[in-house]
Amino acid sequence: MRRLILGALLILAAGPAFAAESEAALLERAQLAFAEGRYGEAADVYGALLDGAPADIDLMFNQGTAWAHQGELGLALWRYHQALRHDPRDRALHHNLKVIDPDYRQKLALSPLPPLDRLYYFLTGDEWLTLASAAALAAMAAGTLALLSARDGRARARLRTLALGCVLASLMTLPFAATHYVQDFPGRRAIITHEKAVVRAGPSENSLQTWSPALGTIVRIRDKHSSDWLLIDIGNQGTGYISANQLRRL
Amino acid sequence: MIHLRHRHHSPLTLAALLGMSLLFCISAAAQDDIRFQAQVEQQTVAIGEPFTYRLVVLTSGRSLERHPTPPDFGGLEVIGGPALSSRANIINGRATTENALQWTLRAPLEGNYTISPARLQIDSREFITQPIAIKVVARAPSGLPGSLQDDPILSARGNHPQLNRQLEGRLFLRPVIDNPRPYVSQPFTVSYHVYVDPQLPIQSLDYRQQVQVEGGLVEELFLLSQQVNFNQESYDGRIFNVARAAEYRITPTRAGELVIDRFAMLAGISNGRRDLFAMLDPGMAVELPTMPLRIEVRPLPTEGRPTGFTGTVGRYRLSAGADRDSLSQHELLTLKLTLEGEGPIGLAGAPPLPTGVDFELIDQAQETHGQSRVFHFSLRPLRPGSLTIPPFSYPVFDPEAERYEILRTDPIPITVTPGERTADTIITVTPAADENFKKPRLHPVRVIERTRAGQPRPLAHLPLLWALHGAGVGALLLAWRRDHTRLTDPAALRRNQARRTLTRRLRALRQQASALQTAEAAGALEQAVRGFIADRFNVAPDGLTRPRIEQLLADNGLSSESTARLLTLLDACGALRYAPRESDANLTGWCDEIETLLWGVRP
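Chains as they are written, first to last, in the numbering used here: chain Z, 1 to 250; chain Y, 1001 to 1603.
Okay, chain Z solo, but in the shape it has when bound (with noise of 0.2 angstroms):
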């Protein structure tokens, strides 16, 4: 009997060993597939090891670069565009988005000034959010010292200008933080993966096409008409129908 216990527990030291060991040589083979010219095998095992690791950065920028070299440029672009959530002042991952989308900055590009945007896109929600929450912080702390301290006091007047200055720093970041919030609500937006998309005014292959959104353009989904159809934003021209395989979650 305490030979059984003995082995059991033996058996579950080693159980992580075995896992680390599998998911070095899935890497090990991404990797020598990649070396190979082998890209769609190297992306396989990439989106594998991704199923475990959903927000490692290294693993979507591995895999949409093995996309890119297979020629599924909307799928690498989807990868890129989800890293770039979670890393966005990643030079080789800019690099490799300018290099399939040139215009992907216009693609994302909430605001009409571009300097704007680059703020924006300069730190993550969390980023900006810490940021704002910092600031709101000191607001509320040096407020409170402010009013503790004596009234006709000269600290009471610098806490006070302090206090002022953390809201005007949290008011400023925290739109920033809201919009990244909002725009990075999984399954909000998505991507347009298929070269040759079509938005349509109904729900059907039959449907007079609206706009043809080029490969890389990000949208914002609406509604699910069926397990087939979308419902997206188009801009100005309001909104049309997209089939589901034509695209792909952010």
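It should be emphasised that the hints constitute simulated quantities derived from the structure, not laboratory data. Ideal placement from N, C-alpha and C gives every residue a C-beta, glycine not left out. Don't take each hint at face value.
Said to hold, decoys possible - In silico contact screen, one side only, chain Z against chain Y (beta carbon under 7 angstroms); selected entries:
hint, residue
1, Leu27
2, Leu32
3, Phe34
4, Asp51
5, Gly52
6, Ala53
7, Ala68
8, His94
9, Leu129
10, Ser133
11, Ala138
12, Gly143
13, Leu159
14, Thr161
15, Tyr181
16, Asn206
Chain Y: place on chain Z using the hints.
Okay, now just chain Y, sitting in the frame of chain Z:
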């Protein structure tokens, strides 16, 4: 054995019994005397002419518990009713009650109509009326000029028969159709003209009912506005003021009989009565009806119908043009096909793309501007080179010439150059051919030692963050409340100001020490100290006795030595006030000492 008892009745009792038996006999007879009948004022009427239908129940004095069930009017239009009336008659001592229900009806079309029997249920007995046949004829109003006798004209109708007789042939609407036998999809116009005898005082004209058409599309071309322009026209020597009231273009959508439902107007005729200020004249409303118009729509001939005919009828021209004459293989070309002419152009369908064309149809759309319809074709060239868009063929039916025609466009030459390498072309090139293009430009994959498992939780979903914010807000609110209390509570304000007031008083005393008399200075010092203690402990300075000061200072952190010293100094100040001794007074030193001693008092 049965014993019968005979009883003698009084004469009054006998009379009552006789009366009751008589009433019983009358009511029994009345039960049988119920008459139920249907009546019409005339059984031959003109189209659209109103007539009344009455259901009359005659009873011998009893009231009706249920009204009769109305009949099926069988295609006749009910334009009024049911109006209920009741009347009681006593003839030769016999009471009868007449209950009547009345409807106003009219017939929309010429022909024979039948009003089915009406039913009445009284005490488990059912009474049924006879069905009534109504014959509807197309009857022109009397007094019309001879040249208008055959036109579908109806008399104007007001509320009074006398007025109606006066209006016969003097006020009416006349419909005019420009093409009584159109083809399917061939538009025709129907216009309504109002004719008024110049002697008739017309006040106003308004619409009562617009036309409705089954089996056709109606387009309104003209409707009479507030300003009516009459033209005088003569018919067989009679002068009429004539104005166009409305005009519609109707496009039949199917062959066979097409019925244009009635068009009607309301005219206001002055009754000649004016009030004191000669301003208000309510006038009399008169309806100007028209009878429904029946049009025979001819089908398009099958003989000679070309293949590809889509049902477009009219006289048209067709032209084609491309938005450019040269393009790259990966660009789209927009071909514009314009159909112009006379006819229901909005119904024209798009022609099919000619066969053998070297372009792929991506999308198409159409739009209508007035009398031209434009078809847009988005085309993608299938190969580079000098290509030609072949002529489009578009068969139409010309109803004027009563034959089919095929409209053709000219061929359009297009030069297609091989496409430049774009994002689209990256997909189409093979990896080997694209090697030099892609590989140097893409960053290679990264070497990963270990994956980062787990899905990071967004910061916004972290409760600790919002707890921190909540704590911050709470602290801020508490501090604000404290500050607010400090500002608004007079006791707190006094307490907080106590030290500052003492400092200010002592400073003033030091500065004026040389100028003041010893007694004055000692009094001011004592006042400053008492004022501080009174402010600090929120008490009245006048009620501060020596034991009270001692207790207050001892209770608030001042040592017994310091308290004793402070009281000694206060006593000295008091003594100086009443027995000043110039040589012994060191008030400036006392000021410093008192300030130091009072520093130890807790706020």
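Right, here's what the structure says about each hint:
1. Leu27: OK, holds: Z:Leu27 within 7 angstroms of chain Y, min 5 angstroms.
2. Leu32: violated, 11 angstroms
3. Phe34: Since chain Y brings a Cβ to about 5 angstroms from Z:Phe34, closer than 7 angstroms, the hint holds.
4. Asp51: violated, 10 angstroms
5. Gly52: This interface hint holds because 6 angstroms falls under the 7 angstroms limit.
6. Ala53: holds, 4 angstroms
7. Ala68: Since chain Y brings a Cβ to about 6 angstroms from Z:Ala68, closer than 7 angstroms, the hint holds.
8. His94: violated, 10 angstroms
9. Leu129: It holds, given that the least Cβ distance between Z:Leu129 and chain Y is near 5 angstroms, below 7 angstroms.
10. Ser133: Given a least distance of 6 angstroms, the restraint on Z:Ser133 holds.
11. Ala138: violated, 9 angstroms
12. Gly143: holds, 5 angstroms
13. Leu159: violated, 11 angstroms
14. Thr161: Violated - the Cβ of Z:Thr161 stays beyond 7 angstroms from chain Y, reaching only about 16 angstroms at its closest.
15. Tyr181: holds, 6 angstroms
16. Asn206: violated, 12 angstroms
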